[in-house]
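Peer 1: Sequence:
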Amino acid sequence: MSVIVKFLASLEKFIGIDQLSIEFDTAYFTLQDLFQKLAPIIGAKLNYLITEDPMTLKPEILVFINNKECQALQELKTPLFDGTQVTFLSTIHGGSNSFR
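Per my numbering, the very first residue in the sequence shown carries number 1; after that it's consecutive.
It should be emphasised that the hints constitute simulated quantities derived from the structure, not laboratory data. All figures in this text were calculated on a predicted structure; none of them were measured in a lab. Treat the hints with caution; some may be incorrect.
What the hints assert, rightly or not - With a straight-line Cα cutoff of 25 Å, these simulated BS3-like cross-link-like pairs (lysine-lysine) come out:
#1 Lys6 <-> Lys37
#2 Lys77 <-> Lys45
#3 Lys37 <-> Lys58
#4 Lys6 <-> Lys68
#5 Lys6 <-> Lys58
#6 Lys13 <-> Lys45
#7 Lys13 <-> Lys68
#8 Lys68 <-> Lys45
#9 Lys13 <-> Lys37
#10 Lys37 <-> Lys77
#11 Lys6 <-> Lys77
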């Protein structure tokens with residue numbers, strides 16, 4: 001099972017990855033599970049996407065699951081399936097130093 005992850009606009013530049021595929025060993029996994037898989041790949045830059053305690057999405061980061069904003073779904077508990085596309089987009093742009 002795999003999920004396609006895309007980082008758009010300033011996040012692509014900041015993280016240094018535009019797209020990757022994340023493999024899962026189980027048929028059921030969630031957006032929160034995806035963040036745990038992303039941690040060793042993007043390291044400390046994950047802190048720009050989520051807060052750790054409690055794990056929540058940062059308000060300036062939009063997360064789309066198959067083109068639907070995850071807050072309209074089940075947020076971090078949204079189930080992901082084989083072939084799901086998860087897209088990250090920052091609402092901050094235009095010269096902001098937010099990612100430094």
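Peer 1: Now tell me if each hint is right for this structure.
Peer 2: Status of the hints after comparison with the structure:
1. Lys6 <-> Lys37: holds, 14 Å
2. Lys77 <-> Lys45: With a Cα-Cα distance of about 22 Å, the restraint between Lys77 and Lys45 holds, given a limit of 25 Å.
3. Lys37 <-> Lys58: holds, 18 Å
4. Lys6 <-> Lys68: The hint holds at about 14 Å.
5. Lys6 <-> Lys58: Holds. Lys6 to Lys58 sits at ~17 Å (cutoff 25 Å).
6. Lys13 <-> Lys45: holds, 12 Å
7. Lys13 <-> Lys68: holds, 23 Å
8. Lys68 <-> Lys45: Since the Cα atoms of Lys68 and Lys45 sit roughly 24 Å apart, the hinted pair holds (cutoff 25 Å).
9. Lys13 <-> Lys37: holds, 20 Å
10. Lys37 <-> Lys77: holds, 15 Å
11. Lys6 <-> Lys77: Holds. Lys6 to Lys77 sits at ~19 Å (cutoff 25 Å).
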